[in-house]
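A.B. asks: Now for the letters of each chain:
Protein chains: 2
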Amino acid sequence: MEKRYYPYEDFLADTRSLAQMIDWEFDTIIPIARGGLSLGHLLGEFYDIREVYSINTIGYEDTLKLDSVKVFNIPELTEAKNVLVVDDIVDSGDTMIEVLKVLHKAYPAVNFKTASLFYKKSAKIAPDWSVQEADRWIEFFWSVDLTRKK
Amino acid sequence: MEKRYYPYEDFLADTRSLAQMIDWEFDTIIPIARGGLSLGHLLGEFYDIREVYSINTIGYEDTLKLDSVKVFNIPELTEAKNVLVVDDIVDSGDTMIEVLKVLHKAYPAVNFKTASLFYKKSAKIAPDWSVQEADRWIEFFWSVDLTRKK
Numbered sequence: 001m002e003k004r005y006y007p008y009e010d011f012l013a014d015t016r017s018l019a020q021m022i023d024w025e026f027d028t029i030i031p032i033a034r035g036g037l038s039l040g041h042l043l044g045e046f047y048d049i050r051e052v053y054s055i056n057t058i059g060y061e062d063t064l065k066l067d068s069v070k071v072f073n074i075p076e077l078t079e080a081k082n083v084l085v086v087d088d089i090v091d092s093g094d095t096m097i098e099v100l101k102v103l104h105k106a107y108p109a110v111n112f113k114t115a116s117l118f119y120k121k122s123a124k125i126a127p128d129w130s131v132q133e134a135d136r137w138i139e140f141f142w143s144v145d146l147t148r149k150k
Numbered sequence: 001m002e003k004r005y006y007p008y009e010d011f012l013a014d015t016r017s018l019a020q021m022i023d024w025e026f027d028t029i030i031p032i033a034r035g036g037l038s039l040g041h042l043l044g045e046f047y048d049i050r051e052v053y054s055i056n057t058i059g060y061e062d063t064l065k066l067d068s069v070k071v072f073n074i075p076e077l078t079e080a081k082n083v084l085v086v087d088d089i090v091d092s093g094d095t096m097i098e099v100l101k102v103l104h105k106a107y108p109a110v111n112f113k114t115a116s117l118f119y120k121k122s123a124k125i126a127p128d129w130s131v132q133e134a135d136r137w138i139e140f141f142w143s144v145d146l147t148r149k150k
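Top to bottom, those sequences are chains A and B.
Each residue of the first sequence is one higher than the one before, counting from 1 in the UniProt record's numbering.
Each residue of the second sequence is one higher than the one before, counting from 1 in the UniProt record's numbering.
What the hints contain is simulated information worked out from the structure, not anything from laboratory work.
These figures come from a predicted structure and were not determined experimentally.
The reader is advised that the hints may include incorrect statements.
Lysine to any residue pairs mimicking SDA-like chemistry, simulated, CA-CA at most 25 Å apart [what the hints assert, rightly or not]:
| hint | chain 1 | residue 1 | chain 2 | residue 2 |
| --- | --- | --- | --- | --- |
| 1 | A | Lys70 | B | Leu77 |
| 2 | B | Lys70 | A | Asn73 |
| 3 | A | Lys81 | B | Ile74 |
| 4 | A | Lys105 | B | Val131 |
| 5 | A | Lys3 | B | Lys70 |
| 6 | B | Lys3 | B | Val131 |
Next up, chain A with everything else stripped away, as it sits in the complex (with noise of 0.2 Å):
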């Protein structure tokens, strides 16, 4: 498949785009990492928020399902109202479903919105907000410039 680069910069303007777009009162950020890692912590930044928790997947192929994901270090969301969940990409979206699942279940008091850079119209579910369309295989610079510049 294609490739296309995605430098900070272009994350950067990306990442404002989103903040304009979210027109929302959220008071936790939890990144899905790895890819969201970098958005979670310039939102936080952003909104001044402290409560930038983690949570990890990893996808798996299983003998019954394909692509199946697993869901691990799940924050303790006590204190929180509404969530901003942020991932890089959206993609098949079973990643995202499967976080909300996940954690609609542990905490079915809160409120859960989704954000990403990118997503797929062909993704299972679309997040609530999102900047640019990935018609290509993305590499961000998160995943590629420490091996590659010099």
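Fit chain B to the supplied structure of chain A, relying on the hints for placement.
C.D. replies: Just chain B, lined up with the frame of chain A:
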């Protein structure tokens, strides 16, 4: 105090230096949120470690002791052996000391080492690996780019 703007490019160069310094194998990365999140993200990608778990702190003044640090969102480390705790800066050292105290107490069998981009000579604890001495107030890109650059 004089300020020094710290752009993404410097962060990338210093993170690369840090990765070259770290002569230790670890299975888990704990970024201290928020400052350590972007560093934890890039290192997680570089080492291909999925176990990147944020930990959170809040500093406050109370009547008995100045600069107390409360640590919260302590990750579960049941499968971890060697854990790298990362932060943007070790300033007074109070945050890192308190985070290590809480982690050692909760997980006495786990090995913890520490890495930061910046350190201060006056800090009460020296990180195991660090890149630059902070002689001015550092304006990290993640704190200011979203509001400042157009």
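A.B. asks: Give a verdict on every hint.
C.D. replies: Hint check results:
Taking the CA atoms of Lys70 of chain A and Leu77 of chain B, the gap is about 17 Å. The hint holds against a cut of 25 Å. Restraint check for Lys70 of chain B and Asn73 of chain A: the C-alpha separation of about 20 Å stays at or below 25 Å, so the hint holds. Straight-line distance between C-alpha atoms of Lys81 of chain A and Ile74 of chain B comes to about 20 Å, which keeps the hinted pair within the 25 Å bound. For a cut-off of 25 Å, the pair hint linking Lys105 of chain A to Val131 of chain B is broken: about 43 Å separates their Cα positions.
For the hint pairing Lys3 of chain A with Lys70 of chain B, the CA-to-CA distance comes to about 44 Å; that exceeds 25 Å, so the pair is violated. Restraint check for Lys3 of chain B and Val131 of chain B: the C-alpha separation of about 18 Å stays at or below 25 Å, so the hint holds.
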